[in-house]
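**Q** So the protein sequences, as listed, match chains A and B. Each number in this note's numbering corresponds to the 1-based position in the first sequence with 239 added. Each number in this note's numbering corresponds to the 1-based position in the second sequence with 735 added.
Just so you know, these hints were derived from the structure itself, not from any lab. Every residue gets a Cβ at the ideal spot worked out from N, C-alpha and C, and that includes glycine. Keep in mind that a hint or two might mislead.
[Unchecked claim] Chain B is faced by these chain A residues, among others (derived, beta-carbon under 10 Å):
| hint | residue |
| --- | --- |
| 1 | S335 |
| 2 | A337 |
| 3 | M404 |
| 4 | P410 |
| 5 | T412 |
| 6 | Y416 |
| 7 | L423 |
| 8 | N461 |
[To be verified] Listed next, with one range per pair, are the computed distances between beta-carbon atoms:
| hint | chain 1 | residue 1 | chain 2 | residue 2 | range |
| --- | --- | --- | --- | --- | --- |
| 9 | A | A339 | B | V953 | 29 to 35 Å |
| 10 | B | R883 | A | F414 | 21 to 27 Å |
| 11 | A | P410 | B | E1059 | 55 to 61 Å |
[Claimed, not checked] Computed list of chain A residues with no C-beta within reach of chain B, every gap over 12 Å:
| hint | residue |
| --- | --- |
| 12 | M254 |
| 13 | A260 |
| 14 | T262 |
| 15 | P267 |
| 16 | F270 |
| 17 | S298 |
| 18 | L321 |
| 19 | L365 |
| 20 | A366 |
| 21 | T413 |
| 22 | L421 |
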Amino acid sequence: MSIYRLALSAFGVLMVVFLVAPTLVLVPVSFSSGRALQFPPPGFSLRWYETIVTSPTWSFSTVVSFQIAVLTAILASILGTLAAFGLVRGRFPGQSVANAVLLSPMIVPVVIIAIGMFAVFASWRLAGSPLALIIAHTVLALPYVVVNVGASLRTVDRTLEAASMNLGAGPLTTFRYVTLPLILPGVLAGALFAFIVSWDEVVVSIFLSSPFLQTLPVVMWNQISEAVDPTVAAVATLLTFATTILFALATFVQRRSER
Amino acid sequence: MTAGPRPRTIANKTDDPPADPASLTLQKVSKHYGALRAVDEVDLEVREGEFVTFLGPSGSGKTTTLQIVAGFTKPTSGKVLIDGKPVTAPPHKRDIGMVFQNYALFPHMTAADNIGYPLKIRKASKKERRGSIAEALDMVGLAEHGDRYPSQLSGGQQQRVALARALVFRPRIVLLDEPLGALDKKLREHLQLEIKRIQHELGITMVYVTHEQEEALVMSDRIVVFNEGRVQQVGTTEQIYERPASLFVADFIGESNIFQGSLEDHGGTRYLVSRAFRFKIPTNVSSPADDGPLALVVRPERLRILRPDAHTQVEENTVEAVVEDVIYLGNERRYTLVAASGHNLIGRHQVGVSSGDSPLVGTKVLAVWHVEDSIVVPIG
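Using the sequences and the hints given, assemble the complete structure.
**A** Next comes the structure, spelled out in structure tokens:
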């Protein structure tokens, strides 16, 4: 191996360390026996994981986060799939504008979306309700579904749909037996991404949460600004773990659909 | 989903009378895209159980016409009739089978599920479906391959599955859109005969689209020649080859030697004349209505190639030429000649049948054909 390649590899490894290390530091800290967030930890224990399970605040918000993320994933994948159909198959004036608007939550700074959402939901007296969180997360997650389903849809050979019609299937039956199975990997990947978006989301959630309804990241945020103890690290480890698994799953599903 | 008629499947072929093939009629069917006339006033009659081929170069309107029959394209004007009744239903209610150019097999279903799809849509029972699928697979010689996915099948096998799928629900008409275009020559020839056999066995009406003239000649009861959206000629293979109706048909089907000129009458004998030649033409050729230019067409196998001093008959036309090339093709020799008039000529002679020596490249020869072998067609 040449020196050039060696240097390049070293640089690559350094970059990965730089990106991942801050996250990985939390893993040993979460198993700490000490009371403070310190690294390296003084000893090993599972007490902070125990706290997550036993503390009502943590366990309740875990359930809330999960429910909101699941409902967001369902809602975003249905709406996003319909939107992708319109954008890929349809031909209407303002199509590129519609496309840009649907994808804008990926580009517009989240805090601006959060302020806007807060203003609207507050005036509707919905701020602090689960509905507000689900709607807000769905808006943020929609672009991921639209992009994934849109990509799948573009690869679907339209003559397959023509063949299905020719064999006697109406448009809905054709969608059910031909189009949907073919774009299913895209829909699943989109749904997983939507789940991750909601599961990790903190900014909008802070604005829209109430003392009675807090998602996991919001509780973490509150905890760390009050009392710092390794429970946060334990929660973060679990969050990271769950997200990594889901992300790997989404990537796997996408790969399979590209075969 | 349709609440259509009771599913008719191949499985109950034995109890039922044989499939009742339908006739297909097109009345002044046109499809315009802006100024482009993709299909221009096509009139056509396909009889029950007939095998008709739409033949023409790409962009001639043959595929668009097929799409109109299948219901995927709405005609700008004109009518499609099946068994004399106008058809306006959407594609899924037409009961017309179709084999697509790229097979269009569902990649997420096995061969058996692909074939069973139209039966499932028609709510046939599982048992009925299994029987029909097995029979259809058997018919196309793929009995052992039902559980394979399309990606695990060769091109030829995929084509057979597509054919079985288009036939299994016993449609009244089957349309085939260049179904063999992607296959190699040997396989194509084999499948041509197989499709023909199946069509014959089921007695089904088939409309077949191709741009391969040889394919059309081998398979068809009748050929419809398309060009620029219009039907140029409808006829049996023999009619199309021996009595082409226009220069386009003569040129497109088979190889041709073409001379363009105008008609002249000298004491009852008629000639096609240009500055470079004067050929006698058959007496039964009718004068063109508009007195326009004509073309004389001679098929290469009708052209005899003789020594320059050979004795010729009165009722023969002759052209002096030089042999430019001789290609030995195993069963025949193919000559390219350059006539004194500047025309390029082609001659084809079966090896072992033609008398005398084969003329050598560069020698002078006499190209000769019988007046009755002259085909005279209008130009344009």
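**Q** Evaluate each hint against the coordinates.
**A** Quick rundown of the hints versus the structure:
For A/S335, the interface hint is violated, the least distance from its beta-carbon to any beta-carbon of chain B being 24 Å, above 10 Å. The interface hint given for A/A337 is broken, as the beta carbon of that residue sits about 27 Å from the closest beta carbon of chain B, more than 10 Å. Interface restraint check for A/M404: the shortest CB-CB distance to chain B comes to about 4 Å, inside 10 Å, so the restraint holds. Given hint, A/P410 at the interface with chain B, holds; its Cβ is 8 Å from that chain's nearest Cβ, closer than 10 Å.
The interface hint given for A/T412 holds, since its Cβ lies 5 Å from the closest Cβ of chain B, which is under the 10 Å cut-off. Interface hint at A/Y416: satisfied, since its Cβ lies 7 Å from the closest Cβ of chain B, which is below the 10 Å cut-off. Taking 10 Å as the C-beta contact cut-off toward chain B, the hint placing A/L423 at the interface holds, the least distance being around 9 Å. About 47 Å separates the beta-carbon of A/N461 from the nearest beta-carbon of chain B, more than 10 Å, and the hint is not met.
Under the hint 29 to 35 Å, the C-beta atoms of A/A339 and B/V953, about 55 Å apart, miss the expected range. At roughly 26 Å, the beta carbons of B/R883 and A/F414 sit within the given window of 21 to 27 Å. Remark: the range hint 55 to 61 Å for A/P410 to B/E1059 is upheld by a beta-carbon distance near 60 Å. Every beta carbon of chain B lies more than 12 Å from that of A/M254, the smallest distance being close to 39 Å; the non-interface claim holds.
The Cβ of A/A260 lies farther than 12 Å from every Cβ of chain B, with a closest approach of about 43 Å, so its non-interface assignment holds. Separation of A/T262 from chain B is adequate, the least Cβ-Cβ distance of about 38 Å exceeding the 12 Å criterion. For A/P267, the condition that its CB be more than 12 Å from all CB atoms of chain B holds, with the nearest at approximately 46 Å. Distance to chain B confirms A/F270 as a non-interface residue, since its nearest Cβ pair spans about 45 Å, more than 12 Å.
Taking the minimum C-beta to C-beta distance to chain B, about 41 Å, the non-interface status of A/S298 holds against the 12 Å cut. Even its closest Cβ contact with chain B, about 21 Å, leaves A/L321 beyond 12 Å, as expected for a residue assigned away from the interface. Taking the minimum C-beta to C-beta distance to chain B, about 41 Å, the non-interface status of A/L365 holds against the 12 Å cut. A/A366, annotated as away from the interface, keeps every beta carbon of chain B farther than 12 Å; the closest lies near 45 Å.
Once the 12 Å rule is applied to beta carbons, A/T413 is inconsistent with being away from chain B; the minimum gap is 8 Å. Non-interface call for A/L421 relative to chain B: violated, since the shortest CB-CB distance, roughly 6 Å, does not exceed 12 Å.
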